[in-house]
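Same order as they appear, the protein sequences are chains A and B.
The opening residue of the first sequence carries number 1 in my numbering; numbering runs sequentially from there.
The opening residue of the second sequence carries number 1001 in my numbering; numbering runs sequentially from there.
Because the hints were derived from the structure by calculation, they are not lab data.
Virtual Cβ for every residue (Gly too), placed ideally from N, Cα, C.
Do not take every clue at face value.
Said to hold, decoys possible - List of simulated lysine-lysine pairs, DSS-like, C-alpha gap at most 30 Å:
#  : chain 1 : residue 1 : chain 2 : residue 2
1  : A       : K244      : B       : K1244
2  : A       : K220      : B       : K1361
3  : B       : K1361     : B       : K1334
4  : B       : K1137     : A       : K220
5  : A       : K244      : B       : K1212
6  : A       : K137      : A       : K228
7  : A       : K58       : A       : K460
8  : B       : K1361     : A       : K58
9  : A       : K212      : B       : K1244
10 : A       : K212      : B       : K1362
11 : A       : K212      : B       : K1212
12 : B       : K1137     : A       : K464
13 : B       : K1137     : A       : K244
14 : B       : K1266     : B       : K1244
15 : A       : K244      : B       : K1220
Unchecked claim - From chain B, some residues computed to sit far from chain A (all C-beta separations above 10 Å):
#  : residue
16 : K1058
17 : C1148
18 : T1159
19 : R1178
20 : T1179
21 : L1230
22 : D1364
23 : D1375
24 : I1413
25 : K1423
26 : A1434
27 : M1439
28 : R1440
29 : K1460
As a plain string of letters, each chain reads:
2 protein chains.
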Amino acid sequence: MLDTKLTQRLRQIVGEKFYRDDQEALVAHSYDGTPMLQSLPDGVVYPANTAQVSEIMKALAEYRVPVVSRGSGSNLCGGTVPVEGGIVMVMHRMNRILEVDMENLTATVQTGIITAEFTAHVESLGLFYPPDPSSMKISTIGGNIAECSGGLRGLKYGTTKDYVIGLEAVLANGEIIRTGGKLMKDVAGYDLTKLLVGSEGTLAIITEAILKLVPPPSSKKTMLAMFKDLYGAARTVSRIIEMKIIPATLEFMDNPTIRVVDDFAKLGLPLDMEAILLIEQDGDPETVERDIERIREICEFEKADRIDVAENREHAEKLLTARRSAFTALARLKPTTILEDATVPRSRIADMVLRINDIAKKYDVSIATFGHAGDGNLHPTATTDARDHEEIHRVEQAFEEIFEAAIELGGTITGEHGVGLVKAPFLEWKIGAAGMEVMRGIKQAFDPNNLLNPGKIFAKETRKRVVIDRG
Amino acid sequence: MLDTKLTQRLRQIVGEKFYRDDQEALVAHSYDGTPMLQSLPDGVVYPANTAQVSEIMKALAEYRVPVVSRGSGSNLCGGTVPVEGGIVMVMHRMNRILEVDMENLTATVQTGIITAEFTAHVESLGLFYPPDPSSMKISTIGGNIAECSGGLRGLKYGTTKDYVIGLEAVLANGEIIRTGGKLMKDVAGYDLTKLLVGSEGTLAIITEAILKLVPPPSSKKTMLAMFKDLYGAARTVSRIIEMKIIPATLEFMDNPTIRVVDDFAKLGLPLDMEAILLIEQDGDPETVERDIERIREICEFEKADRIDVAENREHAEKLLTARRSAFTALARLKPTTILEDATVPRSRIADMVLRINDIAKKYDVSIATFGHAGDGNLHPTATTDARDHEEIHRVEQAFEEIFEAAIELGGTITGEHGVGLVKAPFLEWKIGAAGMEVMRGIKQAFDPNNLLNPGKIFAKETRKRVVIDRG
């Protein structure tokens, strides 16, 4: 329970209507996109501007009350579950596009804006903001920044981090800092901008962002390549890059995913394939034609069993449906879907998929794998039932072993979803005890009283682990 | 003077030959590429590997002796001057390319390797490492990482930061951390990789780096456009970007630079021009042809007085000579050349150049300006004489006002050279008192005893400043 003097002060800051502690508001902000996690906050606050955020933070600092800032809560790492109670700060009212600067190719936005609304606006002006997390229709730019969201275009265009060049943020003590600017180069001190991107709400409340925009590609082409041999598909991925082609999209689905997707979307996919690659290239028309032709040759060389190159935009949309419906199709199978995020160097994708299959067999759980082959970012996805505690335990053991395998293969526990609550016990596996110590020091520097999204990134205890091989 | 027990221990770690405290070694490491700064270290150590760096750091931590790690010391911010004495750690022996991974398009290197040697090796394998600081023939990759070096290709390809995806570093206490990996995506905790890039040797000793490589462009074209009207040149820069062309190079020289360069290199440049733009585009041949043609049209529209498009590689080299010889030509004029690094949003370039000219006139000093117009990174360069204390004082006043102007125009005090010693008193102008506090906290987390490159980034006092306008 919060001190009534604090709740009164919060009501004064944002207005009666924008502070809520009724049961409906508390329950609605007790969970996020991650299955099986819930924790009630004590109150929910909806600030209208940076000055209010600053005032709120001053009040919370005074009363030592934790705060979880969130957009739409579409994250998959338990990143916005208020595990230590306190206040949830919802950023949706701060949703204005403050400026699109056509001369500098930048946009300045409040962070509560929905990603897809922002990209649509930018595209209407003939510009392009490449990060495209699957959640973009509901996620906010602030959420994308907090998690450093990726997406299907990461291989060629990079992730959210590569487009954030300036920030306004409110510190734990209520002070406002501004980092970077409309600047393509700025080395004035430590790069606080990039440090705040991906900091998962644990270092500051990000209120405004300056985003870099780029010219849109003038054409695009889409193809599917299907393989009976998993290694053939994996070699194709590596060979495309080795041949110095960087496709805009290079996505992978394994056999279990193909079966489920075909059953769901009735695409007539051949069910005996071990892997399907979805490949897109964009750019100038000649480049696109040439690259797609060379990619087709590589697929043929690697003995693809079927290659479909889209003849037109409609055809392309149909091919894209296969990959786009993967999560939805899997989610239909069983009551609970757990989507993970192990990432390896792209040369190790086939090894990783086989390891995932072996681990799933070992623990007798259903795991289908799809994801961003081009950047080695795989989404092994378990379909299970949260009510079956015994099976859930096996799923958790399987994922633990999957993270371990990813690290053994030179990879990481999370490529684009973040650490949050779910991966916190495994973070030390990736960065070591000395790395944890440094990160704790950074956290301490920004947030000495541990009020900003406490319980995230830093786990109370690290899972034990035996094998370490950085090969 | 160092404790002889410490110097004995350092000799044991690296071998007799690789610890020096003779006068020649001390003087040779008392200065760097920055004019008028010198401070003797107490000893110079040349480690052979990471284990030795770790042992050295443990010893220095025990004796509380500061350390400045350096490559070739070509920086222009006093970044490697050992202002508090102690040890200079020279990284040149750690100069191996450990691996070029053709499947993952990465290179793993020790940080003491010379940048140009590394890029030549990479190019011999048909790959491309874009960062091209002017110092690259002598600078090291480690130095580039410490300063987040830019170069002529920054606009299209980004800077060093955009290519560093993993690091090995030794902390102040001698512990070794590894960040990132051969991974295009990794959000496992705070982004220590990007934080260490540009940290100027103040957070850790960087011993190894994993660098991202890209496919090289298949063709390239070079042109010069000359303008009697400064604003015509500036509008051309903005319009090229607005027309959604991102050139590989988009460089600027003002009239004083043109005069000096022509006198030096005998290029027959028209001396009545207010500005010359050097423009290069690379990529697929069709794209390059189309972009260069469109850029020529924009130059004509903005009333360029002369446009030279290189017919062949030799011709291109001749055009490039104009920009490449700017610094050398200016350095001939007077005994002391001070090259600065103010950066503004690219839309403010003309305003900034005019402000620089006014400021130079006000303080009666000679300042020529050239630089990277495409990313707003200008190098106002004063030609003066270190022995003329009165003039040097005026030069310093002029630069102080130039930094202030850059910030007023929404820019920064340094785009690619770093803060070091020279810009430290001005850093607070850019990031504010709260930003300074956060940066001090980060420094404290990494280096509680302030042994890593002390005196850099954080000044004992900040220069007073009246006007602040973030417009």
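Verdict on T1159 of chain B as a residue remote from chain A, using beta-carbon distances over 10 Å | Since the minimum Cβ distance to chain A is about 6 Å, T1159 of chain B lies within 10 Å and the statement is violated.
Could you check that no beta carbon of chain A comes within 10 Å of the beta carbon of C1148 of chain B?
-> The claim breaks: C1148 of chain B does not keep its Cβ more than 10 Å from every Cβ of chain A (closest is about 5 Å).
Proposed proximity, K1362 of chain B with K212 of chain A (alpha carbon, max 30 Å) | violated, 36 Å
R1178 of chain B remote from chain A - nearest C-beta pair above 10 Å | Not fine: 7 Å to the nearest Cβ puts R1178 of chain B too close to chain A.
Measure nothing beyond the straight line between the CA atoms of K1266 of chain B and K1244 of chain B; if it is 30 Å or shorter, mark the hint as holding.
-> Outside the cut-off at roughly 35 Å; violated.
Can the restraint linking K58 of chain A and K460 of chain A be considered satisfied, given a maximum Cα separation of 30 Å?
-> With a Cα-Cα distance of about 27 Å, the restraint between K58 of chain A and K460 of chain A holds, given a limit of 30 Å.
Over 10 Å to the closest beta carbon of chain A is the bar; see if I1413 of chain B clears it.
-> violated, 5 Å
Taking the minimum C-beta separation from K1460 of chain B to chain A, is that value above 10 Å?
-> holds, 16 Å
Take a quick look at whether K1361 of chain B and K1334 of chain B sit within 30 Å of each other, Cα to Cα.
-> holds, 18 Å
Restraint check for K137 of chain A with K228 of chain A, where alpha carbons must lie at most 30 Å apart = Outside the cut-off at roughly 34 Å; violated.
Given hint K1212 of chain B paired with K244 of chain A - CA-CA distance at most 30 Å | holds, 13 Å
Could you let me know if the closest chain A CB is still more than 10 Å away from the CB of K1058 of chain B?
-> Label holds. Min Cβ-Cβ 13 Å, cutoff 10 Å.
Hint compliance for this structure: hints 2, 4, 6, 8, 10, 12, 14, 17, 18, 19, 20, 23, 24, 25, 26, 27 and 28 are broken, all remaining hints hold.
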